[in-house]
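Note that the protein sequences, when read in sequence, are chains A and B.
If you read the first sequence in full-length UniProt numbering, its first letter stands for residue 1, the second for the next number, and so on.
If you read the second sequence in full-length UniProt numbering, its first letter stands for residue 1, the second for the next number, and so on.
Please note that a few of the clues may not be correct.
Covered stretches of chain A (in silico footprint by chain B; criterion: 3 or more residues with CB under 8 Å from a CB of chain B, positions within the stretch not fixed) [said to hold, decoys possible]:
no., region
1, 2-15
2, 19-26
3, 30-41
4, 45-55
5, 60-66
Below, computed lysine-lysine pairings styled on DSS-like, alpha-carbon distance capped at 27 Å [as the list claims (entries may be wrong)]:
no., chain 1, residue 1, chain 2, residue 2
6, A, K23, A, K41
7, B, K32, A, K50
8, A, K41, B, K79
9, B, K23, A, K50
10, B, K3, B, K50
11, B, K79, A, K79
12, A, K23, B, K3
13, A, K41, B, K32
14, A, K79, B, K50
15, B, K41, B, K23
16, B, K23, A, K32
17, B, K64, A, K41
18, A, K64, B, K41
19, A, K50, B, K3
20, A, K3, B, K23
21, A, K79, B, K64
22, A, K23, B, K23
23, A, K32, B, K50
24, A, K64, B, K32
25, A, K23, B, K32
26, A, K64, B, K50
27, A, K32, B, K41
28, A, K50, B, K64
29, B, K3, A, K79
30, B, K32, A, K79
31, A, K32, B, K3
32, A, K79, B, K23
33, B, K32, A, K3
34, B, K64, A, K32
35, B, K50, A, K50
36, A, K50, B, K79
37, A, K32, B, K32
38, A, K3, B, K50
Hints are computed from structural coordinates only; laboratory data are not their basis.
For each residue, glycine too, the CB sits at the ideal point set by N, CA and C.
Protein chains: 2
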Amino acid sequence: MYKVQVYITLRESVLDPQGSAVKQSLHSLGYKGIEELRIGKYLELTIDQKEQDIDGLVNEVCQKLLANTVIEDYRYDIKEVAAL
Amino acid sequence: MYKVQVYITLRESVLDPQGSAVKQSLHSLGYKGIEELRIGKYLELTIDQKEQDIDGLVNEVCQKLLANTVIEDYRYDIKEVAAL
């Protein structure tokens, strides 16, 4: 059994209005030290497959459904975990 | 200058309808090996503060605005980066 942590972020070239809005709120709360803030998605998948199949599966699932590869990048970490 | 990666996830005890819906879609696409899927937020903050102030700032910002600590947990990693 494997736990895969997927990080999906907007590409650097893509504007992040949500991140800018949150940054403005933090500035208005007095947190001026925050120069940049970008918001993305964090997914935790628990996968019951052979280790050699995990990379292929995660890439396929990210490209087909989880990430919009036109405007988003994704990366992931794989950890072995005890079976549920 | 520091880059802080913040991971905000629903508490284990809290139902994740969005995650369940995405899991169902993946199963219908034939990806049966995915046992569990939980969706959270991933934030990247660029902070211009002294190192000893970063932990306090990030905890305060997470508790006050970024995370709903009633139903969400948060954790973060701090990395030093070259000034912008």
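For each hint, the structure was consulted:
Note: the region 2-15 of chain A has 3 residues with beta-carbon separation from chain B under 8 Å; the three-residue rule is met and the coverage holds. Counting residues of the region 19-26 of chain A whose beta carbon lies closer than 8 Å to any beta carbon of chain B gives 4, which meets the minimum of three for the stated coverage. Counting residues of the region 30-41 of chain A whose CB lies closer than 8 Å to any CB of chain B gives 10, so the stated coverage by that chain holds, three being the minimum. With 6 residues having a beta carbon nearer than 8 Å to a beta carbon of chain B, the region 45-55 of chain A meets the requirement of three or more and the stated coverage holds.
By the rule of at least three residues with a Cβ nearer than 8 Å to a Cβ of chain B, the coverage given for the region 60-66 of chain A holds, with 5 such residues. Annotation: proposed proximity of K23/A to K41/A holds, straight-line Cα distance about 17 Å (limit 27 Å). Note on K32/B and K50/A: the hinted pairing holds, with a Cα-Cα distance of about 13 Å set against a maximum of 27 Å. Proximity of K41/A to K79/B is assessed by CA-CA distance (about 20 Å); at most 27 Å being required, the pair is judged to hold.
In summary, the hint linking K23/B to K50/A is supported, as the alpha carbons are separated by about 19 Å, within the 27 Å threshold. Among the hinted pairs, K3/B with K50/B is consistent with the structure: their alpha-carbon atoms are about 12 Å apart, no more than 27 Å. Of the supplied pair hints, the one linking K79/B and K79/A holds, its CA atoms being roughly 22 Å apart against a limit of 27 Å. Note on K23/A and K3/B: the hinted pairing holds, with a Cα-Cα distance of about 14 Å set against a maximum of 27 Å.
For the proposed pair K41/A and K32/B, the alpha carbon gap of about 22 Å is at most 27 Å, so the pair holds. A hinted pair counts as satisfied when its Cα atoms are at most 27 Å apart, and K79/A with K50/B does not qualify at roughly 33 Å. The straight-line distance between the Cα atoms of K41/B and K23/B is roughly 17 Å, inside the 27 Å bound, and the hint therefore holds. The hinted pair formed by K23/B and K32/A fails the criterion: a straight-line CA distance of about 39 Å is larger than 27 Å.
Straight-line distance between C-alpha atoms of K64/B and K41/A comes to about 20 Å, which keeps the hinted pair within the 27 Å bound. Only pairs whose Cα atoms come within 27 Å are accepted, and K64/A paired with K41/B is accepted, the gap being roughly 20 Å. For the suggested pair K50/A and K3/B, the alpha carbons sit about 35 Å apart, so the restraint of at most 27 Å is broken. Note on K3/A and K23/B: the hinted pairing holds, with a Cα-Cα distance of about 14 Å set against a maximum of 27 Å.
Proposed proximity of K79/A and K64/B is contradicted: the alpha carbons are some 31 Å apart, above 27 Å. Taken as a hint, the K23/A and K23/B pair is broken in the structure, with Cα atoms around 32 Å apart against an allowance of 27 Å. Annotation: proposed proximity of K32/A to K50/B holds, straight-line Cα distance about 13 Å (limit 27 Å). Annotation: proposed proximity of K64/A to K32/B holds, straight-line Cα distance about 15 Å (limit 27 Å).
A hinted pair counts as satisfied when its Cα atoms are at most 27 Å apart, and K23/A with K32/B does not qualify at roughly 39 Å. With a C-alpha separation of about 42 Å, the suggested pairing of K64/A with K50/B is violated against the 27 Å cut-off. For a cut-off of 27 Å, the pair hint linking K32/A to K41/B stands: about 22 Å separates their Cα positions. Distance restraint check for K50/A and K64/B: the Cα-Cα separation of roughly 42 Å exceeds the 27 Å cut-off, and the hinted pair is therefore not satisfied.
Between K3/B and K79/A the alpha-carbon distance is near 24 Å, which keeps this suggested pair within the 27 Å criterion. A threshold of 27 Å between alpha carbons decides the hint, and for K32/B with K79/A the separation of about 19 Å falls inside it, so the pair holds. Restraint check: the Cα-Cα separation between K32/A and K3/B comes to about 15 Å, which is no more than 27 Å; the hinted pair holds. Restraint check for K79/A and K23/B: satisfied, since their Cα atoms lie roughly 19 Å apart, inside the 27 Å limit.
At roughly 15 Å between alpha-carbon atoms, K32/B and K3/A fall within 27 Å of each other, so this suggested pair holds. Between K64/B and K32/A the CA atoms are separated by roughly 15 Å; this keeps the pair inside 27 Å, and the hint holds. Between K50/B and K50/A, the direct Cα distance comes to roughly 45 Å. Violation of the 27 Å bound is thereby established for this hinted pair. Restraint check for K50/A and K79/B: not satisfied, since their Cα atoms lie roughly 33 Å apart, outside the 27 Å limit.
For the proposed pair K32/A and K32/B, the alpha carbon gap of about 47 Å is over 27 Å, so the pair is violated. Restraint check: the Cα-Cα separation between K3/A and K50/B comes to about 35 Å, which exceeds 27 Å; the hinted pair is violated.
Of the numbered hints stated above, those contradicted by the structure are hints 14, 16, 19, 21, 22, 25, 26, 28, 35, 36, 37 and 38, listed in ascending order.
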